[in-house]
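One letter stands for each residue in the lines below.
There are 2 protein chains.
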Amino acid sequence: MSPLRVGIAGLGTVGGAVLRRLTTDAAALAIRTGRPVEVVGVSARDRAKAGTLPDRAEWFDDAVALARAPDIDVFVELIGGHEGVARDAVEAAIASGKSVVTANKALLAHHGMALAAAAEAHGASLSFEAAVAGGIPAIKVLREALSGNAVDRVYGILNGTCNYILTRMEAEGLGFDACLAEAQRLGYAEADPTFDIDGHDTAHKLAILATLAFGTAIDLDAIHVEGIRSITSDDLAAADDLGYRVKLLGVAQRTRHGIETRVHPTMVAKGTALAEVKGVTNAVAVNADAVAELTLVGPGAGGDATASAVLGDIADLARGSRVLPFGRPADSLERAPRAPMQRHEGGYYVRLSVKDRPGSIAAIATRMAAADISFESIMQRQPAASLRSSASGHVPVVLITHATSEVTIREALDAVEAGGTIAGKPQLIRIERG
Amino acid sequence: MSPLRVGIAGLGTVGGAVLRRLTTDAAALAIRTGRPVEVVGVSARDRAKAGTLPDRAEWFDDAVALARAPDIDVFVELIGGHEGVARDAVEAAIASGKSVVTANKALLAHHGMALAAAAEAHGASLSFEAAVAGGIPAIKVLREALSGNAVDRVYGILNGTCNYILTRMEAEGLGFDACLAEAQRLGYAEADPTFDIDGHDTAHKLAILATLAFGTAIDLDAIHVEGIRSITSDDLAAADDLGYRVKLLGVAQRTRHGIETRVHPTMVAKGTALAEVKGVTNAVAVNADAVAELTLVGPGAGGDATASAVLGDIADLARGSRVLPFGRPADSLERAPRAPMQRHEGGYYVRLSVKDRPGSIAAIATRMAAADISFESIMQRQPAASLRSSASGHVPVVLITHATSEVTIREALDAVEAGGTIAGKPQLIRIERG
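Heads up: the sequence lines are chains A and B, in that order.
Basically my numbering = 1-based index in the first sequence + 44.
Basically my numbering = 1-based index in the second sequence + 44.
Chain A with its partners taken away, still in its complex shape (with noise of 0.2 Å):
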């Protein structure tokens, strides 16, 4: 069978993974598939680092021209960025009816739906497994393996640089500055760590993620975005006492207000699947009808676990095996009514410094019961040093709610702030249960 002819624009730490493993496992790849998968073309930034190239596979200086060339057949994009470069690019090699695989889930956040159309109106094929966590086969999952289910929920760790601080921080106590630090020297964060740890990444994975869970249009703006700079390690020792973990989710679900789509710091109980899911590793959970309830643990990152998933969808173009970009015509992705924030329902986990006199808790306790709002679980004690803040006149009080809603919990809140029993602000982290 004549050879599927790639073409691989971006060389960095995923684009390397991918073109050392086409070259090396090409015989290994091509008995799994039945057909021989050739790199034929290359381009990336800086022809002297790209090394070696394969012996049939030219060089490019511009990958739109690559995009375009007439004798590739597969057009991997893994540059990055959802304009510039990547965008026009990708445009290119839809537009000339090539199929492209991309790891880019900033591209698809802000551009799937009309790449999808246009993938569609060239007979061109678009496949991303590998633009959300890593080598998860999540994707193919959701769009292929649950076509049978109503998904009522997708939630997961989406990005290894926030659960590697969260973890450290859990493990040794430490603050997040010293963690994110860690991080960085590690290579687990960039040197600018805003898009990770202010929950954005997140936010592009979980739009894609919500689009094949629920048929719906992307709506990366519809997106309620929280990073995890807000939590300390009192608030994880307080989540370990109670039973809980902090986890940075992505959560995306269908509500009778319509679909939630949510990121931020979350309680998750130990014992559950999520809960158990250390350093750089993600998850994606799905809640549907049939299935009940399904989860995925791996590599969210690293060139060979993402080069993973951009082979799995080179294979599946291989093996002639052609679906919709987003399982379904791009066109009939509908834009879901957004359910607001203010309406979400859940358990809350409420931390207050407290000041230390008689009566304190007791008038706490009665704003939150006039709003109908009730406790599984209430910690007054000083479990660190930099809990203990009787000298200031303050004690730290930690609360658990059973379900409410966002808007009351936070009017509650206001209303215990103006009467004047507690100092700072409150800290508040949903609970999200499993």
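Errors might be hidden in some of the hints.
[Stated by the list, open to error] Cβ-Cβ distance ranges computed for the label pairs, FRET-style:
no.	chain 1	residue 1	chain 2	residue 2	range
1	B	70	A	274	55 to 61 Å
2	B	274	A	455	43 to 49 Å
3	B	273	A	67	46 to 52 Å
[What the hints assert, rightly or not] BS3-like mimics (lysine-lysine), calculated; alpha carbons at most 30 Å apart, straight line:
no.	chain 1	residue 1	chain 2	residue 2
4	A	322	B	469
5	A	314	A	469
6	A	469	A	399
7	B	322	A	314
8	B	469	B	314
9	A	314	B	314
10	B	469	B	399
11	A	322	B	314
Worth flagging that the hints you see were computed from the coordinates, not collected in a lab.
Every residue gets a Cβ at the ideal spot worked out from N, C-alpha and C, and that includes glycine.
Chain A is fixed; fit chain B onto it per the hints.
Positioned in the frame of chain A, the structure of chain B alone reads:
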């Protein structure tokens, strides 16, 4: 687009769920796949029990006649059993070029090679996601998503009955018989539980997973199979003390002696993904060169969960995705060298009833040292009443060894037994590292 016409044979728990979902969720499935799916034929043992059929569905007393019916595109076999009508019907459907979807692990474990070859010869497709681990898409992930990987090991908790019993024994400190009876009362175990608790069900599933993982011929006879009858609550209590849980695992792994396939009770360290899998839930973990480790956790049985897998296969067919049964030509699946169990290498849990007199432990330790076996831990104590046997002049001793070989540990224990320092047979449980 013309509907995909489905015939369903077998209306047990799974067949009933598939029929119900294909009827009530028909519109949703058509949107998700771009093609209507219609049940046009049904066959089962008892017409009276089948209830109301969908409007266009014809009744067949004979599953083989349904398999051959000219107006069906897909034959869904949910009868079960590796001979008789299930086999006849699947062979008939393949011979008439139809797509076959089956949940029948026994049929595949026994006749999968011949069926795959026949399907390829007749241009038929053969899908069996539901045959392994219920709603967990392990087949699709191994066959497609991980195509760019060389797999080193695939292993998992593949039998919900056994995992339920072991989970209950651990949680309640109850014996095997009591927990089996409870599982039977709850419908998690058959009246004759032999097939599940002696490991044969796990072996069938493992045979299929190994073929997909390594591209080797199905080799059910090569699998070393032990069940869970020998596990006592003492073992579970000792495991707990030492940081382990006991699970019935199926493990297929590439070794320097060939492919090692085995089903046996296994110690897994707490905190690993598999150790946290409780009750009837299943899990499949894969170690491979690119992805490193990927773990899938979900429901291993039940009508709806298994229907999810069947519907996923049907959705692939509706979308026109056609993959060879094992992802590559059946005639390329070679019989792998069988790694004999005596060559197995790993750590071991050993529980001995040792004579309570000076020098006993020293004698055992000396024998083990002579065989170059070293220990991760040695525990001599009476954690539970049932372990306290000093009255009989014996005390329980539990050893966790570092990696050694099966032949080495067995010979060393034979020598210990011959030395007369222990009573009864040693209990030996292999340790699997995550």
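To see whether the hints hold, each was checked on the structure:
1. At roughly 47 Å, the beta carbons of residue 70 of chain B and residue 274 of chain A sit outside the given window of 55 to 61 Å.
2. In this structure, residue 274 of chain B and residue 455 of chain A break the distance hint of 43 to 49 Å, their C-beta atoms being roughly 60 Å apart.
3. Roughly 51 Å separates the CB atoms of residue 273 of chain B and residue 67 of chain A, a value that falls within the hinted 46 to 52 Å.
4. Straight-line distance between C-alpha atoms of residue 322 of chain A and residue 469 of chain B comes to about 40 Å, which puts the hinted pair past the 30 Å bound.
5. Annotation: proposed proximity of residue 314 of chain A to residue 469 of chain A holds, straight-line Cα distance about 27 Å (limit 30 Å).
6. A threshold of 30 Å between alpha carbons decides the hint, and for residue 469 of chain A with residue 399 of chain A the separation of about 13 Å falls inside it, so the pair holds.
7. Our distance criterion of 30 Å between C-alpha atoms is met by residue 322 of chain B and residue 314 of chain A, whose separation comes to about 14 Å.
8. A threshold of 30 Å between alpha carbons decides the hint, and for residue 469 of chain B with residue 314 of chain B the separation of about 27 Å falls inside it, so the pair holds.
9. At roughly 13 Å between alpha-carbon atoms, residue 314 of chain A and residue 314 of chain B fall within 30 Å of each other, so this suggested pair holds.
10. Taking the CA atoms of residue 469 of chain B and residue 399 of chain B, the gap is about 13 Å. The hint holds against a cut of 30 Å.
11. Annotation: proposed proximity of residue 322 of chain A to residue 314 of chain B holds, straight-line Cα distance about 14 Å (limit 30 Å).
Hints 1, 2 and 4, counting from the list given before, are not met by this structure.
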